[in-house]
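Take a look at the letters that make up each chain.
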Amino acid sequence: MPQQQYKRSCSLATYARLLELYPPSFLQRHRGEMLQNFADLEDATESKVRLWLLIGRDLTNSLSSQFFRLRLGRYVIAVFVTWMLLFAVGAFFHGATPGHPALHVFGGVLPGMLAMYIATRLNRAPQNGISHFFRSPFDIYVTGVFVAWVLLFVIGSFFYGPMRGHPAMQVFGGCLIGMVAMYIATRVYGMQ
Amino acid sequence: MGKSKAAGPLTPAVFHILLALYGRERHGYDIMLQVKEDSQGHVKMGPGTLYGSLDRMIAAGLVIESNKQDPRRIYYKLAALGQAVLRTESERLSAVAAKARRHLRVT
Chain U
1 MPQQQYKRSC SLATYARLLE LYPPSFLQRH RGEMLQNFAD LEDATESKVR
51 LWLLIGRDLT NSLSSQFFRL RLGRYVIAVF VTWMLLFAVG AFFHGATPGH
101 PALHVFGGVL PGMLAMYIAT RLNRAPQNGI SHFFRSPFDI YVTGVFVAWV
151 LLFVIGSFFY GPMRGHPAMQ VFGGCLIGMV AMYIATRVYG MQ
Chain C
1001 MGKSKAAGPL TPAVFHILLA LYGRERHGYD IMLQVKEDSQ GHVKMGPGTL
1051 YGSLDRMIAA GLVIESNKQD PRRIYYKLAA LGQAVLRTES ERLSAVAAKA
1101 RRHLRVT
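Here the protein sequences line up with chains U and C, keeping their order. Under the working numbering, the first residue of the first sequence is numbered 1, with each subsequent residue one higher. Under the working numbering, the first residue of the second sequence is numbered 1001, with each subsequent residue one higher.
Treat the hints with care, as some may be off.
Within a straight-line C-alpha distance of at most 35 Å, the following computed DSBU-like cross-link-like pairs (lysine-lysine) qualify [stated by the list, open to error]:
id, chain 1, residue 1, chain 2, residue 2
1, C, 1099, C, 1044
2, C, 1044, C, 1077
3, C, 1077, C, 1036
4, C, 1036, C, 1068
5, C, 1068, C, 1044
6, C, 1099, C, 1068
7, U, 48, C, 1068
8, C, 1044, U, 48
9, C, 1099, C, 1036
10, U, 48, C, 1099
11, C, 1077, U, 48
These aren't lab readings, by the way, just hints derived from the structure by calculation.
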């Protein structure tokens, strides 16, 4: 559907971008209707703030609902539960993991991102072959997040020293952050 | 929402969509406006919630698409099952409300 049919505005363009967070199958059915509804809401509203509060709440509720219906969502839950079990068993048998907290978190981010990456590649049509890597916005995003995390932890450790907390929780938290970062990437940049 | 669950208590979103579609086919934005009016402004539904609910309601056989000529303005209407479920849910809510009123009068 040509985008010119809508009265374009900055808000509508932002909303159109946010719609990419929904699963493709849902968008295929409702993208046109949702954009039209947003345009109607925008025309009718007296306050943009109120409009975006409604849209923000709507996105939060409907995205979480859509996500947990996907195979990808169920995969995330499975990985989440597996990680919890692994750390519970590890803590029970071996106690706290020794080492630097920043490394624990970083150690969690990496498998979290990797797990999500594998899941998205398996659940969507992948472009196989190493020659394709680093050529799509998706891969550039992944690399960017990875480098940003390395820098953040190096700077954080340099200025503030080791953080407090249980190592298992630090790794677990890192894993979760990694998965969320990867999920956002897959939705914003697609899976080509 | 499977067909087996359709007779149980409905979510506020599903109940209000059924109510908005009773006796008239509407497109998405029209449904949102009607839900807001019916609920006296207490239920404000965004597009994501609306179409997520509609998808589940179509799968459950409560609602059908009636006019798809304009992909930006698809019209929806109640199926026979949707009307029956709306009636059942309204009676259930009335009974609950009546009981609540009785309790409040006693206390």
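Problem - Enumerated hints in conflict with the structure, sorted upward - result: Of the numbered hints, 6 and 10 do not hold.
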